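Novice: In case you want the letters, here they are:
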Amino acid sequence: MPAPVLELERVSINFGGVQALDQLSLQLEDGEIRGLIGPNGSGKSTAFNVITGLNKPSSGEVRLNGRSLIGLRPDQIAACGIGRTFQNLRLFGAMTVIENVMLGTHLSTQPTGSLATLFSTPTFRQHEADVRERSLAILESLSIADFAEESAGNLPYGVQKRVDLARSIIAKPKVLLLDEPAAGLTEHESRQLMDLIRKVHDEFRFTLLLVEHDMHFVSNLCSLITAIDFGKFLAEGTPAQVRANEGVITAYLGTGRIGDQARRVAAETSSTLTEPPGPVVAVQDLEVRYGAVPALHGVSIEAGEGVITAIVGANGAGKTTLLSAISGVVPPHKGAILYRGRTITRWNCEQRVADGIVLCPEGRRLFPEMTVRENLLLGSYKAQDRNGVTAALERVFTLFPRIAGRRNQRAGTLSGGEQQMVAIGRALMAQPSVLLLDEPSLGLAPNLVELIFETILQISASGTSIILVEQNASIALEVADHGYVLETGKVTLAGKAAELKARQDFVEAYLG
Amino acid sequence: MSSLTVFLQQLSNGLVLGFLYGLIAIGLSMVYGLLRMINFAHGDVLMLGVFVALPVSWLGAPFPIVLLAGIAAATVAGGIVQWTVYQPLIRSKDVTLLVASLGVSLLLQNVVLMLTSPQPKRPEPNPFLDEPFQLGGVYLRNVDLMIVGLAIVSVLCVHFFLQYTRPGLALRALAQDLGAARMMGIRVPRMVAVCFLLGSGLAGVAGVFIGYKYGHLTPYSGFLPGVKGFVAAVIGGIGSFPGAVVGGIILGLLEVFLVGYLPDALAQFRDGYVFFVLILVLLIRPSGLFGKAELVKA
Chain A
0 MPAPVLELER VSINFGGVQA LDQLSLQLED GEIRGLIGPN GSGKSTAFNV
50 ITGLNKPSSG EVRLNGRSLI GLRPDQIAAC GIGRTFQNLR LFGAMTVIEN
100 VMLGTHLSTQ PTGSLATLFS TPTFRQHEAD VRERSLAILE SLSIADFAEE
150 SAGNLPYGVQ KRVDLARSII AKPKVLLLDE PAAGLTEHES RQLMDLIRKV
200 HDEFRFTLLL VEHDMHFVSN LCSLITAIDF GKFLAEGTPA QVRANEGVIT
250 AYLGTGRIGD QARRVAAETS STLTEPPGPV VAVQDLEVRY GAVPALHGVS
300 IEAGEGVITA IVGANGAGKT TLLSAISGVV PPHKGAILYR GRTITRWNCE
350 QRVADGIVLC PEGRRLFPEM TVRENLLLGS YKAQDRNGVT AALERVFTLF
400 PRIAGRRNQR AGTLSGGEQQ MVAIGRALMA QPSVLLLDEP SLGLAPNLVE
450 LIFETILQIS ASGTSIILVE QNASIALEVA DHGYVLETGK VTLAGKAAEL
500 KARQDFVEAY LG
Chain B
0 MSSLTVFLQQ LSNGLVLGFL YGLIAIGLSM VYGLLRMINF AHGDVLMLGV
50 FVALPVSWLG APFPIVLLAG IAAATVAGGI VQWTVYQPLI RSKDVTLLVA
100 SLGVSLLLQN VVLMLTSPQP KRPEPNPFLD EPFQLGGVYL RNVDLMIVGL
150 AIVSVLCVHF FLQYTRPGLA LRALAQDLGA ARMMGIRVPR MVAVCFLLGS
200 GLAGVAGVFI GYKYGHLTPY SGFLPGVKGF VAAVIGGIGS FPGAVVGGII
250 LGLLEVFLVG YLPDALAQFR DGYVFFVLIL VLLIRPSGLF GKAELVKA
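Note that the protein sequences, when read in sequence, are chains A and B. In terms of numbering that gives the first Met the number 0, the first sequence opens at residue 0 and continues consecutively. In terms of numbering that gives the first Met the number 0, the second sequence opens at residue 0 and continues consecutively.
If you are wondering where the hints come from, they were derived from the structure by calculation, not from laboratory data. Among the clues, some could well be false.
Label pairs and their in silico Cβ distance ranges [as the list claims (entries may be wrong)]:
1) A/G411 x B/F127: 43 to 53 angstroms
2) B/D93 x A/R385: 54 to 64 angstroms
3) B/P63 x A/G411: 18 to 28 angstroms
4) A/G92 x B/P166: 36 to 46 angstroms
5) A/R385 x B/Q267: 52 to 62 angstroms
6) B/L106 x A/E304: 46 to 56 angstroms
7) B/L106 x A/A403: 45 to 55 angstroms
8) B/P166 x A/G411: 16 to 26 angstroms
9) B/V98 x A/R190: 37 to 47 angstroms
10) B/Y138 x A/F14: 37 to 47 angstroms
Straight-line Cα separation of at most 25 angstroms, DMTMM-like style, residue types lysine to aspartate or glutamate; simulated pairs [unchecked claim]:
11) A/K495 x A/E301
12) A/K381 x B/D176
13) A/K333 x A/E361
14) A/K489 x A/E188
15) A/K489 x A/E301
16) B/K92 x A/E349
Here the structure is a predicted model, which means the values were calculated and not measured. All C-beta atoms, glycine included, are put in the ideal place defined by N, C-alpha and C.
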């Protein structure tokens, strides 16, 4: 086996008690395209940050061609030949495309001194002309040479992504790290990007490490995929091997083990419903954009009264945007949102909360400086009946005994699982008739995920309608009544959750 | 006078001045905590409050009425500025709000200048407030006692408001995560207005007392107290309510002691030292005493 170009050896790093990377080892061969996958918060970006020197590992080694990179500054590591792109674009919007790309050479080639630069000597001008020519050639390879003189900020998102790529290639990196290059791109754009990456890879022969949630993208591009979870190595192999790997399916699709008792409770409730319930929330033809980036185009869903509706899909598919639009946090461009038959599209967030549509947001969004009790009380901010608030508080503490004993502790000091309980409890304090849950299992250990989902079933059994957004599709569809699959801002599949779960093509569509 | 008496005298003077700065800093700090905005017009709202209180005092109204008039005027002025200028800009960049507040500051100064005159004015002397008293060799006037007393009462009221009432809880939530506060159903514009009204009212209290203590009021009188209130807020950690009060007291003491103990030739640059302190704080501990280090994402 040839010596690896880039090697991570048992790298560990700890952020305030959270083990972001746990003895992670990784070897990249010269010229290969490797995919790095894993659920949110599994440590992929941290791995990138360790390689590029932004985070210092607490133990372990990072080597480039056998030479240790530990202790080097990010700029020194970049100068060694490691380039990267960022998850969110960091282009200089006011500069032209070619200027942005030329900046990428700033580190690697500076043959002329600063005095030469200052006085613009012939050598410097020659160098400048060379760089410009090379930049143009790369823009040509990425088929964006036409945009060379336009300012980067005005270009469509897909083009900006390519400019970013061009900027990282011009420095002639030995190893290039791409952080979610396909995020925010439409299916068509991401297919184009795939071809372009393959093309420039053939041309420049760098080693490529790719983080991406779009499994289709990764599977098509990479010869080998490494899967990590909780900062630990999970699996490695060809795309087919990794997709068939039990551990990976579990990390992405969940174990699907929900407590029998909770399931029975849910079954009983659904059997007591005599007639099929009408939709409590209906979304019609919804379109949402963030600036120029379309997040949802023409999404229509219906959420039944008193049941759980699951929305699943890959990262960046628009799940969170959909929930944000229903809760009124994000205004839609087109389409309508109906709540019990009334159009609420133009209502603001406060009105919707007062009327019983309550969001438990992604990432919990607790108020870290406040106590658990104060956080919960804020949930009932809109409640008129003050006695009801005390009762609701007791109900939440009964539902989550773990946080009852910590009611006077600051929310920021709780563990992730406890914070998630407070977040759900806070949403329940508003006594919602529709509860919008955004990724309740995110960043939680498997056993806590189970506990949270059992509680979700209990909440549903008490008559609250729930719209559930989850990356963990398997477990979400297990508890849900109906399911929708979102893909790049569109509903691609819909139906009874049990049927969706049973269909193998669903797994295929989801995992790519 | 023994050196101890001198020290105690300076200490008392510093405390009185510090409480005035603290009252001004609270409004600035709370607004910053909510909107990440430095309200340059805060001092001018204070000035406007005094300029409404002045004619009330000339009419012979008793001190409490004059004080209430000043508070009411400052509160209304602060509310109007927030409603007409800041609220429409609330979604724009931080720097837009900052520049807008500079504009409002100049506007308020010039409107008052236009309606009155650049002649310095003072409220009708109040014999009770001006009456001096002596406490262990320290000479103070009743107005000084009044400043400290009312400032402490105001601070306690605000503390109880923030800590134990529903709108107070909402305000604190808002300062921590505006987006999440909206999801709780908190009406953000209304709470921002509450914050402005509260801060402006406290500035009104400070303004009337500045009038009685120093006299000599011009349309520009609000600017420097406003900026010093800002320095106090930064020392205490901008965005923090206790920080604003403590920062005010520290700044008042520093200013008085520097002026008192430096040779005369240097003592006259008292405002210069205040800004020197500001620069030092920003260099050494930019998050202030009670503030938290904040990562600003580019």
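Novice: State for each hint whether it applies.
Specialist: Comparing the hints with the structure gives:
Taking the beta carbon of each, A/G411 and B/F127 are about 50 angstroms apart, inside 43 to 53 angstroms as hinted. Distance hint check for B/D93 and A/R385: the Cβ-Cβ separation is about 37 angstroms, which falls outside the suggested range of 54 to 64 angstroms. The hint said 18 to 28 angstroms for the Cβ distance between B/P63 and A/G411, and at roughly 44 angstroms that hint is violated. Separated by about 40 angstroms at the C-beta atoms, A/G92 and B/P166 satisfy the suggested range of 36 to 46 angstroms.
The given range of 52 to 62 angstroms is respected by A/R385 and B/Q267, whose C-beta atoms sit roughly 58 angstroms from each other. For B/L106 and A/E304, the hinted distance range of 46 to 56 angstroms is satisfied, since their beta carbons lie about 55 angstroms from each other. For B/L106 and A/A403, the Cβ-Cβ distance of about 54 angstroms falls inside the hinted range of 45 to 55 angstroms, so the restraint holds. Taking 16 to 26 angstroms as the suggested C-beta distance range, the pair B/P166 and A/G411 conforms, at roughly 23 angstroms.
Distance hint check: the CB atoms of B/V98 and A/R190 are about 46 angstroms apart, consistent with the given range 37 to 47 angstroms. For the hinted restraint 37 to 47 angstroms between B/Y138 and A/F14, the CB-CB distance of approximately 58 angstroms leaves it violated. At roughly 12 angstroms between alpha-carbon atoms, A/K495 and A/E301 fall within 25 angstroms of each other, so this suggested pair holds. Taking the CA atoms of A/K381 and B/D176, the gap is about 18 angstroms. The hint holds against a cut of 25 angstroms.
For a cut-off of 25 angstroms, the pair hint linking A/K333 to A/E361 stands: about 24 angstroms separates their Cα positions. A hinted pair counts as satisfied when its Cα atoms are at most 25 angstroms apart, and A/K489 with A/E188 qualifies at roughly 15 angstroms. Proximity of A/K489 to A/E301 is assessed by CA-CA distance (about 14 angstroms); at most 25 angstroms being required, the pair is judged to hold. Between B/K92 and A/E349 the CA atoms are separated by roughly 23 angstroms; this keeps the pair inside 25 angstroms, and the hint holds.
Checked against the numbered hints given earlier, this structure breaks hints 2, 3 and 10; the rest are met.
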